[in-house]
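Engineer: Sequence:
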Amino acid sequence: MSLLLVVCVLFLISIIHVYWAFGGRWGAMVVLPIKKGSQEPAFVPRKIGTLLVAFLLVVAAFLLLIKGIYLRNVQEFNFFTLGCTVCAVIFLIRAIGDFKYVGFFKKIKHSQFARNDTWLYSPLCLFISLVYLFVLF
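Sequential numbering from 1 applies to the sequence shown in my numbering.
Source of the hints: derived by calculation from the structure; they are not laboratory data.
Possibly wrong hints are sitting among the right ones.
[As the list claims (entries may be wrong)] Listed below are the simulated EDC-like cross-link pairs for lysine to aspartate or glutamate, each with C-alpha atoms no more than 20 Å apart in a straight line:
id, residue 1, residue 2
1, LYS109, GLU40
2, LYS107, GLU40
3, LYS36, ASP98
4, LYS109, ASP98
5, LYS106, GLU40
6, LYS100, GLU40
7, LYS35, ASP98
[To be verified] Listed next, with one range per pair, are the computed distances between beta-carbon atoms:
id, residue 1, residue 2, range
8, ILE90, VAL30, 21 to 27 Å
9, GLU40, PHE62, 33 to 39 Å
10, MET29, PHE77, 39 to 45 Å
11, PRO123, MET29, 16 to 22 Å
12, MET1, LYS107, 20 to 26 Å
13, CYS8, THR85, 18 to 24 Å
Glycine is no exception: its CB is placed at the ideal position from the N, C-alpha and C atoms.
I would like the entire structure built from these sequences, with the hints used as guidance.
Structural biologist: Below you can see the structure in the form of structure tokens.
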């Protein structure tokens with residue numbers, strides 16, 4: 001059940017990234033970290049980068065789906081095992097953060113993004129990482 005939930009969440013987040021890449025504004029102001037002492041975003045994502053993130057989220061969803069459902073009993077190391085391991089590590093690193101703007105250990109906590117990151121984005125990344133680990137073991 002958790003596996004399918006995470007796959008759906010990854011697909012949904014990917015669709016939102018495509019929406020943003022093509023000019024959508026809904027939700028865009030609360031998903032970017034804000035510089036300390038201002039209301040400026042810490043970075044402005046470009047269209048190609050946003051589309052790349054969307055593509056990688058779809059790849060991550062398919063890796064989880066294939067490894068978790070079709071290759072559930074296959075124990076040997078393969079491409080899907082490697083992919084799921086990489087995804088588990090990436091989502092865990094995202095949950096821990098960069099110690100400045102994102103993650104559980106961020107220093108800058110004054111913005112709506114920081115509150116969302118503390119209560120939604122980082123816990124979601126940790127949960128996704130744990131689901132990948134569950135599928136692997």
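Engineer: Quick check on a hinted range of 33 to 39 Å for GLU40 and PHE62, using CB atoms only.
Structural biologist: Check passed, 36 Å falls within 33 to 39 Å.
Engineer: CA of LYS109 to CA of ASP98, is that 20 Å or under?
Structural biologist: With Cα atoms ~13 Å apart, LYS109 and ASP98 stay inside 20 Å; holds.
Engineer: Against the range 39 to 45 Å, how does the distance between the Cβ atoms of MET29 and PHE77 compare: consistent or not?
Structural biologist: holds, 43 Å
Engineer: For the hint 18 to 24 Å, verify it against the beta carbon of CYS8 and that of THR85.
Structural biologist: holds, 22 Å
Engineer: Check the hint pairing LYS107 with GLU40 against an upper bound of 20 Å on the C-alpha distance.
Structural biologist: holds, 17 Å
Engineer: Is it true that the C-beta distance of PRO123 to MET29 lies inside 16 to 22 Å, as the hint says?
Structural biologist: Given about 21 Å between the Cβ atoms, the range holds.
Engineer: Given the hint that LYS35 pairs with ASP98, does the C-alpha gap stay at or below 20 Å?
Structural biologist: holds, 14 Å
Engineer: Given the range 20 to 26 Å, decide if the beta-carbon distance of MET1 to LYS107 lies inside it.
Structural biologist: Between MET1 and LYS107, where Cβ atoms are some 36 Å apart, the hint is violated.
Engineer: Within 20 Å, alpha carbon to alpha carbon, are LYS36 and ASP98?
Structural biologist: holds, 15 Å
Engineer: Quickly compare the C-alpha distance for LYS109 and GLU40 to 20 Å and report which way the hint goes.
Structural biologist: Holds, at roughly 14 Å.
Engineer: Keeping to a limit of 20 Å between CA atoms, is the pair of LYS106 and GLU40 held or broken?
Structural biologist: holds, 17 Å
Engineer: What's the verdict on LYS100 and GLU40, does the C-alpha distance respect the 20 Å limit or exceed it?
Structural biologist: holds, 15 Å
Going through the hint list in order, the structure does not satisfy hint 12, though it satisfies all others.
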